[in-house]
Amino acid sequence: MEGENKVILHGTWSSPYAKRVELALKLKGIPFLYVEEDLKNKSLLLLNYNPVHKKVPVLVHNGKPLAESLCIIEYIDETCNNSPQLLPKDPYERAQVRFWTIFIQQKLYETMLTVMKSAGEAQEKAIKELLEKLQVLEEGMKGFFPDGSPVISNQNMGILEIMICSLLGPYKLQEEVLGVKIIDPEKTPLLVSWLTAINELPLVKESAPPRDKTVALLKFVTENALKSSSA
Amino acid sequence: MEKSDLKVKVLGTWSSPFVMRARIALNMKSVNYEFLQERLWEGKSERLLKSNPVHKKVPVLIHGDKLICESLIIVEYIDEVWPSAPSILHSDPNERAIARFWAAYLDDKWFPSMRSIGFARGEDEKKAAIAEFEKGLVLLEKAFGNCRKGKPFFGGDQIGYLDIAFGCFLGWLRVTETTSGIKLLSEAKTPALINWAHRFCSDAAVKDVMPDTEKLAEFAKMIASKRRGEAPPKS
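Protein sequence lines correspond, in order, to chains A and B. What the first sequence shows, in our numbering, is residues 1 to 231, in sequence order. What the second sequence shows, in our numbering, is residues 1 to 235, in sequence order.
Looking at chain A on its own, in the form it has when it is part of the complex:
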């Protein structure tokens, strides 16, 4: 990012979408001001910056607001040459990364939300669906990690790692609170080693909200139909 650089991120600690942008900025070493929004009492600024969706995250770069986490992440990657490259430079590899990014966004997020918000038979069905989709992702990721053991560092973490981390980073905690298995290590060993490698990074560890807050949020989601208030 060139010139005078004022970067502000409007988000909430509970939003996985805001978390994605936060990780992208931290990975790139971009200093930013973080504004915690109260989704029950959205700031006028937020409503002005994102009048279409009225959601977090919003990135404001030198006064210009941008919304939609994936658009923001590509913007960050295009305007900041610091390592890591969040998307590959090669057009075909880029297309593959974008494909799986959209897959995680469109296929996994909704199903995960259903798993969290449902119970009994409905939940069983959603879990089955989630496991099937994770199987598809497992197959897809074999193309990226042909030797089966992803080595993730601050230098090579990219948008796909950001995506899976924001959704399933705390999967063990999610399983604990939900009382169900959402990842099968036997069926998706690559995903498990990938997530483990990502979760080991100090940057990821320190960006994760405190355990008790996450547990409280998960319990709240499972006990209420939480209206998704983040983009």
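No lab work stands behind these hints, which were simulated from the structure alone. One or more hints might be untrue.
[Claimed, not checked] Covered by chain B, according to a simulated footprint, are these stretches of chain A (three or more residues, beta-carbon under 8 Å):
1) 75-89
2) 98-105
3) 113-127
From the three backbone atoms N, C-alpha and C, an ideal C-beta is built for every residue, glycine too.
Since the structure of chain A is provided, determine the placement of chain B on it from the hints.
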């Protein structure tokens, strides 16, 4: 062999707005391609299932031995592999981010709201669906004003990413106007978009791939009757 010299094919249907995006992008770059037509209403071919095993959907861009899926991803790929003018994506990252934002809005919210008009049961539901859809159009009219900066298209002097992302839906929008009996793009609420729509459809890269509204309406009837389980007419 140069990447850009490899054989190009598009797997798709003449009626799909998403497939149209890929074809417009290739036309803009003057890339010759073979159009492999799927007859989706008769079931998904082996070829499609092999080319897009994850989603089993069109379009698929086949470039040499590479398969690229998802229409907007395909458009960006085309712009990157054939970087010569005209550019599809804007050169400024902020403009690019805004265009991608609106393309996501179109796919996630606006096009589904158009489909809701067709699926609406009863007058009340239909009225509500139309109202929702028109709200979106007003937003897009405003976005057009902001993006175009006085030029003819979202992309400026020439059609660009957002023109393609939005314009591909014009055929189905016109069919929806015909079947609902309501002018959705109106002089009153969306005057700039009406003119933009004419310009877009007349563009050299668009006019041969934009389906004829009547043909599309007939096709829509055929699909609807198939869904209801009636005997398919000669297609």
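Hints versus structure:
1. Residues of the segment 75-89 of chain A with a Cβ under 8 Å from some Cβ of chain B number 3, which satisfies the need for three, so the listed coverage holds.
2. Only residues whose C-beta sits within less than 8 Å of a C-beta in chain B count toward coverage, and the segment 98-105 of chain A has 4 of them, enough to reach three; the restraint holds.
3. Coverage of the segment 113-127 of chain A by chain B is violated. Counting CB-CB distances below 8 Å, 0 residues qualify, and the rule asks for three or more.
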